[in-house]
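Chemist: Top to bottom, those sequences are chains A and B. For the first sequence, UniProt numbering begins at 1 and goes up steadily by one. For the second sequence, UniProt numbering begins at 1 and goes up steadily by one.
No wet-lab data here; the hints were simulated from the structure. Hints may be right or wrong, so weigh each one.
[As the list claims (entries may be wrong)] Here are the computed lysine-lysine pairs in the DSS-like style, where the Cα-Cα straight-line distance is at most 30 Å:
hint : chain 1 : residue 1 : chain 2 : residue 2
1    : B       : Lys281    : B       : Lys34
2    : B       : Lys282    : B       : Lys320
3    : B       : Lys335    : B       : Lys306
4    : B       : Lys290    : B       : Lys237
5    : B       : Lys34     : B       : Lys269
6    : B       : Lys150    : B       : Lys85
7    : B       : Lys282    : B       : Lys269
8    : A       : Lys265    : B       : Lys320
9    : A       : Lys19     : B       : Lys269
10   : A       : Lys46     : B       : Lys279
11   : B       : Lys105    : B       : Lys320
12   : A       : Lys15     : B       : Lys269
13   : B       : Lys310    : B       : Lys290
14   : B       : Lys127    : B       : Lys353
15   : B       : Lys339    : A       : Lys181
16   : B       : Lys85     : B       : Lys154
17   : B       : Lys320    : B       : Lys310
18   : B       : Lys353    : A       : Lys227
19   : B       : Lys84     : B       : Lys150
20   : B       : Lys306    : B       : Lys290
21   : B       : Lys281    : B       : Lys105
22   : A       : Lys265    : B       : Lys105
23   : A       : Lys265    : B       : Lys310
24   : B       : Lys335    : B       : Lys310
25   : B       : Lys353    : B       : Lys34
26   : B       : Lys84     : B       : Lys237
27   : B       : Lys25     : B       : Lys281
28   : B       : Lys127    : B       : Lys335
29   : B       : Lys310    : A       : Lys219
30   : B       : Lys269    : A       : Lys46
Spelled out from the first residue to the last, the chains are:
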Amino acid sequence: MAVINLLQAVNQTLKQEMKRDKRVIVFGEDVGLEGGVFRATVDLQKEFGPDRCMDSPLSESGIVGAGIGLAINGLIPVVEMQFMGFSYPAFNQIISHMARMRNRSRGRYTVPMVIRMPYGGGIRALEHHSESTEALYAHIPGLKVVIPSTPYDAKGLLAAAIRDEDPVIFLEPKRIYRAFKQEVPDEEYILPIGKANIVKEGGDVTLISWGAMMRETLKAAELANEKGIHAEVIDLRTVAPIDQETVIESVKKTGRVVIVHEATKTLGIGAELISIINEKAFLYLEAPPARVTGFDMPFPLPRGEQHYIPSPDRILRKIEAVSNYLT
Amino acid sequence: MIFEGYHPLDKTMFQVMDEEGNIIKPEYMPDISKEQMMEMYQLMIQTREADLKALMYQRQGRMLTYAPNIGQEAAQVGSAFPLKKEDWMVPAFRELGAWLTRGAKLEMIYLYWYGNEFGSYMPEDLKILPVSVPIASHLNHAAGIAWASKLQGKDEVTITYFGDGATSQGDFHEAMNWAGVYQVPVVFLCQNNQFAISVPRGIQTSSETIAQKALAYGMPGILVDGNDIFAMYAAVKEAFDRARRGEGPTLIEAFTYRIGAHTTSDDPKRYRSDEEVEKWKKKDPIDRMKKYLMSQGILTEEENEKIIEKAGKIAEEAFKYVEASGDTVLEDIFKYHYKEMTPQLTEQLAEYKAYLMERGEA
Ligand SMILES: Cc1ncc(C[n+]2csc(CCOP(=O)(O)OP(=O)(O)O)c2C)c(N)n1
Numbered sequence: 001m002a003v004i005n006l007l008q009a010v011n012q013t014l015k016q017e018m019k020r021d022k023r024v025i026v027f028g029e030d031v032g033l034e035g036g037v038f039r040a041t042v043d044l045q046k047e048f049g050p051d052r053c054m055d056s057p058l059s060e061s062g063i064v065g066a067g068i069g070l071a072i073n074g075l076i077p078v079v080e081m082q083f084m085g086f087s088y089p090a091f092n093q094i095i096s097h098m099a100r101m102r103n104r105s106r107g108r109y110t111v112p113m114v115i116r117m118p119y120g121g122g123i124r125a126l127e128h129h130s131e132s133t134e135a136l137y138a139h140i141p142g143l144k145v146v147i148p149s150t151p152y153d154a155k156g157l158l159a160a161a162i163r164d165e166d167p168v169i170f171l172e173p174k175r176i177y178r179a180f181k182q183e184v185p186d187e188e189y190i191l192p193i194g195k196a197n198i199v200k201e202g203g204d205v206t207l208i209s210w211g212a213m214m215r216e217t218l219k220a221a222e223l224a225n226e227k228g229i230h231a232e233v234i235d236l237r238t239v240a241p242i243d244q245e246t247v248i249e250s251v252k253k254t255g256r257v258v259i260v261h262e263a264t265k266t267l268g269i270g271a272e273l274i275s276i277i278n279e280k281a282f283l284y285l286e287a288p289p290a291r292v293t294g295f296d297m298p299f300p301l302p303r304g305e306q307h308y309i310p311s312p313d314r315i316l317r318k319i320e321a322v323s324n325y326l327t
Numbered sequence: 001m002i003f004e005g006y007h008p009l010d011k012t013m014f015q016v017m018d019e020e021g022n023i024i025k026p027e028y029m030p031d032i033s034k035e036q037m038m039e040m041y042q043l044m045i046q047t048r049e050a051d052l053k054a055l056m057y058q059r060q061g062r063m064l065t066y067a068p069n070i071g072q073e074a075a076q077v078g079s080a081f082p083l084k085k086e087d088w089m090v091p092a093f094r095e096l097g098a099w100l101t102r103g104a105k106l107e108m109i110y111l112y113w114y115g116n117e118f119g120s121y122m123p124e125d126l127k128i129l130p131v132s133v134p135i136a137s138h139l140n141h142a143a144g145i146a147w148a149s150k151l152q153g154k155d156e157v158t159i160t161y162f163g164d165g166a167t168s169q170g171d172f173h174e175a176m177n178w179a180g181v182y183q184v185p186v187v188f189l190c191q192n193n194q195f196a197i198s199v200p201r202g203i204q205t206s207s208e209t210i211a212q213k214a215l216a217y218g219m220p221g222i223l224v225d226g227n228d229i230f231a232m233y234a235a236v237k238e239a240f241d242r243a244r245r246g247e248g249p250t251l252i253e254a255f256t257y258r259i260g261a262h263t264t265s266d267d268p269k270r271y272r273s274d275e276e277v278e279k280w281k282k283k284d285p286i287d288r289m290k291k292y293l294m295s296q297g298i299l300t301e302e303e304n305e306k307i308i309e310k311a312g313k314i315a316e317e318a319f320k321y322v323e324a325s326g327d328t329v330l331e332d333i334f335k336y337h338y339k340e341m342t343p344q345l346t347e348q349l350a351e352y353k354a355y356l357m358e359r360g361e362a
């Protein structure tokens with residue numbers, strides 16, 4: 001078992017999947033010779049040649065559109081959007097075609113492809129380099145949206161995404177690309193898409209988050225623990241489709257819930273989670289479900305970003321408020 | 001009439017001055033005074049010095065990511081110089097020389113790269129759009145601005161800047177097409193600096209020149225030596241004159257080279273050779289103009305030193321101002337997105353302020 005970071009886990013998985021299945025090909029802007037601006041695809045071109053890992057023109061619509069064609073015609077493209085904030089030129093292809101080709105053709109054509117994109121803020125980046133717009137994609141029927149929060153998860157989930165018969169949006173939390181390392185098995189393994197992970201058990205309050213925000217959420221859970229509040233922490237891992245069962249079971253146990261996301265608040269994944277909880281566990285609730293989120297604003301430039309990402313302390317306050325509600 | 005003599009399919013490159021600073025096409029030498037020449041030269045030096053300082057500050061951890069312009073000064077200053085006060089400029093992100101030429105303040109540009117939104121605020125009297133990071137998306141804005149000029153009978157032209165990589169985007173083709181259909185007064189200025197981050201121009205297009213793409217959209221196109229400031233000026237001036245006469249859009253390909261990295265987060269050693277860079281350094285646009293100015297007795301070595309020194313000071317002062325500006329004011333994060341904040345934003349700001357207050361940080 002090697003100790004690696006999230007970026008290395010992505011790279012290793014791409015290599016293993018390309019070795020396992022000759023149909024898997026990788027392309028996108030700067031991904032070939034340079035190995036991607038974050039180096040997620042480094043050495044793939046060296047190892048598999050320029051026909052299986054190539055630099056594309058600077059054309060997101062082309063990358064996804066061509067990927068759809070490749071997928072229909074027998075290959076498994078794993079394409080990279082350089083940053084999530086640059087996926088919008090491909091929006092038309094993703095929504096109008098990638099997400100609905102199976103349905104449109106009544107199952108005759110399928111698009112087994114993966115779009116990988118680094119997402120999220122907190123790296124003091126330029127405009128459009130800090131987006132967390134996962135809700136945009138989660139809203140589209142036909143797409144699966146997967147977000148790992150650890151190197152171990154990244155490997156198992158990316159392998160699952162590549163082997164999935166449907167299109168998968170795979171969001172990589174760039175803030176924690178290199179933030180920490182973890183033991184990751186050398187051999188291949190799969191973590192099922194659509195299955196949440198209970199990272200920490202507890203009976204007082206349920207915390208739900210995903211991606212880079214798991215770090216702040218877990219810290220908040222520790223702080224709460226010091227105050228005698230025992231949080232159960234759920235890493236959603238897949239934001240579309242949501243693992244309702246795990247969420248509901250936990251809320252039934254704790255009766256209290258705080259959802260944490262970096263994305264804007266309005267119509268975020270948090271809103272969907274609260275709807276699910278209201279529909280399926282309303283009578284178990286001891287307090288109104290709460291959210292700690294980014295603001296309904298674009299992610300600020302670096303001189304203002306410290307305000308945007310929910311901090312462990314901000315989350316803690318919400319945990320306390322929810323815990324003290326009517327007690 | 002430059003465009004008549006330079007058809008883009010001929011693949012000849014329009015040049016006025018050779019690499020030694022000799023005027024080889026006197027008939028195309030623009031009609032500009034010595035003072036104007038010196039002004040252009042100073043702007044190129046200012047751009048270079050501001051870049052060098054920014055790179056230094058970045059290495060010292062005082063500046064954020066920065067996209068340097070080194071090698072592209074002639075393409076930028078030469079193309080922006082013929083703009084008149086009433087004209088519009090629609091930049092991408094690597095346009096320091098063009099911004100400064102147009103009258104933008106270095107402080108503002110530094111502020112943007114320093115990570116403060118106010119760097120995008122343009123004073124009322126400057127018709128410049130802010131940085132546009134998503135590649136090629138601003139080209140349609142330029143077509144629209146120019147279309148508005150035409151529809152309202154305003155005597156103004158628009159110039160828009162983009163790289164070779166941008167020509168791979170749908171937006172490039174849509175903007176060119178649109179401008180051609182409505183014959184709007186816009187100049188598309190492609191700075192072909194040979195790379196889009198690590199990807200060479202050959203992976204963006206297999207057409208022999210970018211200039212020739214103009215033909216498909218029904219407008220003239222010309223390949224210009226982007227390191228020759230006189231050629232840049234002359235070609236753009238002629239394109240502007242056409243536009244002002246109501247003869248529609250033009251595509252200009254400035255053939256140049258990005259000497260430095262794409263941005264400070266990039267390592268160009270991974271994708272290009274030192275020899276190639278050295279070869280292009282010999283074509284430095286500033287050296288070239290300097291040779292010309294010296295040969296004409298317009299500039300002395302001593303004056304040159306002074307210009308460089310002054311430009312360096314200006315950059316230092318600008319950065320001092322920027323560094324003293326501190327972080328974004330909290331309200332500023334919320335208040336500019338709508339004319340009035342939505343109820344949701346008002347609530348979110350109030351909640352967050354209450355939180356800061358509780359912590360004694362507000
Ligand atoms: C739509 C979009 N995709 C990707 C990027 C990331 N990116 C920033 S600059 C750049 C290369 C741009 O190359 P070019 O247009 O030739 O301009 P240059 O940087 O060389 O001046 C890329 C891929 C982006 N900003 N926008």
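Chemist: Against each hint, give a clear statement of whether it holds in the structure.
Modeler: We went through each hint and held it up to the structure:
1. B:Lys281 to B:Lys34: It holds: about 26 Å lies between the C-alpha atoms, which stays within 30 Å.
2. B:Lys282 to B:Lys320: Between Lys282 (chain B) and Lys320 (chain B) the Cα gap is close to 33 Å, so the pair fails against 30 Å, i.e. violated.
3. B:Lys335 to B:Lys306: violated (44 Å)
4. B:Lys290 to B:Lys237: holds (22 Å)
5. B:Lys34 to B:Lys269: Measuring from Cα to Cα gives roughly 40 Å; hence the hint is violated.
6. B:Lys150 to B:Lys85: holds (17 Å)
7. B:Lys282 to B:Lys269: holds (19 Å)
8. A:Lys265 to B:Lys320: violated (37 Å)
9. A:Lys19 to B:Lys269: Measuring from Cα to Cα gives roughly 29 Å; hence the hint holds.
10. A:Lys46 to B:Lys279: holds (28 Å)
11. B:Lys105 to B:Lys320: holds (14 Å)
12. A:Lys15 to B:Lys269: Since the Cα atoms of Lys15 (chain A) and Lys269 (chain B) sit roughly 24 Å apart, the hinted pair holds (cutoff 30 Å).
13. B:Lys310 to B:Lys290: holds (17 Å)
14. B:Lys127 to B:Lys353: violated (36 Å)
15. B:Lys339 to A:Lys181: violated (45 Å)
16. B:Lys85 to B:Lys154: holds (13 Å)
17. B:Lys320 to B:Lys310: holds (15 Å)
18. B:Lys353 to A:Lys227: This hinted pair holds, its Cα atoms lying about 24 Å apart.
19. B:Lys84 to B:Lys150: holds (17 Å)
20. B:Lys306 to B:Lys290: holds (14 Å)
21. B:Lys281 to B:Lys105: holds (28 Å)
22. A:Lys265 to B:Lys105: Outside the cut-off at roughly 36 Å; violated.
23. A:Lys265 to B:Lys310: violated (49 Å)
24. B:Lys335 to B:Lys310: violated (38 Å)
25. B:Lys353 to B:Lys34: Distance ~57 Å between Lys353 (chain B) and Lys34 (chain B) Cα, so the pair is violated.
26. B:Lys84 to B:Lys237: The hint holds at about 11 Å.
27. B:Lys25 to B:Lys281: holds (23 Å)
28. B:Lys127 to B:Lys335: holds (23 Å)
29. B:Lys310 to A:Lys219: Roughly 51 Å separates the two Cα atoms, so the pair is violated.
30. B:Lys269 to A:Lys46: holds (17 Å)
Violated hints, in rising order: 2, 3, 5, 8, 14, 15, 22, 23, 24, 25 and 29; the structure is consistent with all others.
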